[in-house]
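2 protein chains.
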Amino acid sequence: MAFALHPQLEAGCDELGRLGGCRLLLKNNAIFPWLLLVPEVDGIEDLHQLPADQYDEVMTTVRRVSEFVAAYFQPEKLNVACIGNVVRQMHLHIVGRSADDPAWPATVWGFDGKKPYSDEEKHKIRAAARSFLGLP
Amino acid sequence: MAFALHPQLEAGCDELGRLGGCRLLLKNNAIFPWLLLVPEVDGIEDLHQLPADQYDEVMTTVRRVSEFVAAYFQPEKLNVACIGNVVRQMHLHIVGRSADDPAWPATVWGFDGKKPYSDEEKHKIRAAARSFLGLP
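Sequence lines, in order, name chains A and B.
Basically my numbering = 1-based index in the first sequence + 1.
Basically my numbering = 1-based index in the second sequence + 1.
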């Protein structure tokens with residue numbers, strides 16, 4: 002069966018492309034620069050359950066996406082996490098954080114504020130991500 | 002200068018040993034099975050800033066520690082994260098989560114409950130970690 006994104010991830014994000022065996026998503030919340038990587042696997046929920054080669058590939062991809070978020074959005078620091086207590090399809094968060102964001106210094110998980118991107122903003126981020134990461 | 006743990010990490014945790022260029026710590030909170038890895042580096046705060054070889058080593062170590070937490074504590078799932086908005090010395094959380102823990106399904110960051118381990122509990126966890134992970 003073909004890999005399918007969890008409906009909640011699909012609803013809350015825009016897909017930027019595929020990278021390192023993962024779907025790369027932009028969370029549709031302009032309050033935080035927030036990307037997600039969803040490894041295209043079924044049946045496992047925790048990172049360490051990935052086969053070793055795939056684990057390494059996903060982690061290398063996290064690094065590349067972190068470099069993109071740092072370079073493009075220039076946040077003060079990054080928060081990187083694999084949680085999935087609610088949406089159990091394995092997904093990794095790469096979030097740029099700054100002392101002037103409204104959740105600081107708490108985490109973004111549990112922060113309720115939302116501000117959808119404009120189409121123009123999404124287009125710019127998609128173009129920048131594709132260029133930086135060499136996405137097709 | 003020798004690497005030194007941040008005082009807040011030192012105060013809230015017990016050191017279990019050294020692994021993969023990191024200090025392995027047990028968070029002194031029996032409410033959650035919660036280990037930390039602190040890469041012995043200075044001057045950088047974000048994971049992707051680690052040199053590539055060291056990044057790979059740290060991530061492999063995260064995987065091994067995750068395997069230990071999963072095998073020993075048998076939680077329902079793991080939460081793995083590098084946040085560091087408050088304590089800026091780079092550290093990774095590996096936390097076992099279960100539907101009957103008091104923070105579920107929210108994250109443990111921002112949850113205020115604390116329950117120190119007894120000396121006997123700490124001793125058991127230390128012994129199990131050392132055996133599983135081959136710590137000296």
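Honestly, the hints are just simulated from the structure, not real lab data.
Take these hints with a grain of salt, some might be off.
[Said to hold, decoys possible] Below, in silico cross-link-like pairs of lysine-lysine (DSS-like), each with a Cα-Cα straight-line distance of 30 Å or less:
{"hint": "1", "chain 1": "B", "residue 1": "Lys78", "chain 2": "B", "residue 2": "Lys123"}
{"hint": "2", "chain 1": "A", "residue 1": "Lys115", "chain 2": "A", "residue 2": "Lys125"}
{"hint": "3", "chain 1": "A", "residue 1": "Lys78", "chain 2": "B", "residue 2": "Lys123"}
{"hint": "4", "chain 1": "B", "residue 1": "Lys125", "chain 2": "B", "residue 2": "Lys78"}
{"hint": "5", "chain 1": "B", "residue 1": "Lys78", "chain 2": "A", "residue 2": "Lys115"}
{"hint": "6", "chain 1": "A", "residue 1": "Lys78", "chain 2": "B", "residue 2": "Lys125"}
{"hint": "7", "chain 1": "B", "residue 1": "Lys125", "chain 2": "B", "residue 2": "Lys115"}
{"hint": "8", "chain 1": "B", "residue 1": "Lys78", "chain 2": "B", "residue 2": "Lys115"}
{"hint": "9", "chain 1": "A", "residue 1": "Lys78", "chain 2": "A", "residue 2": "Lys115"}
#### Entry: Broken hints, by number
Hints 3, 6 contradicted; others consistent.
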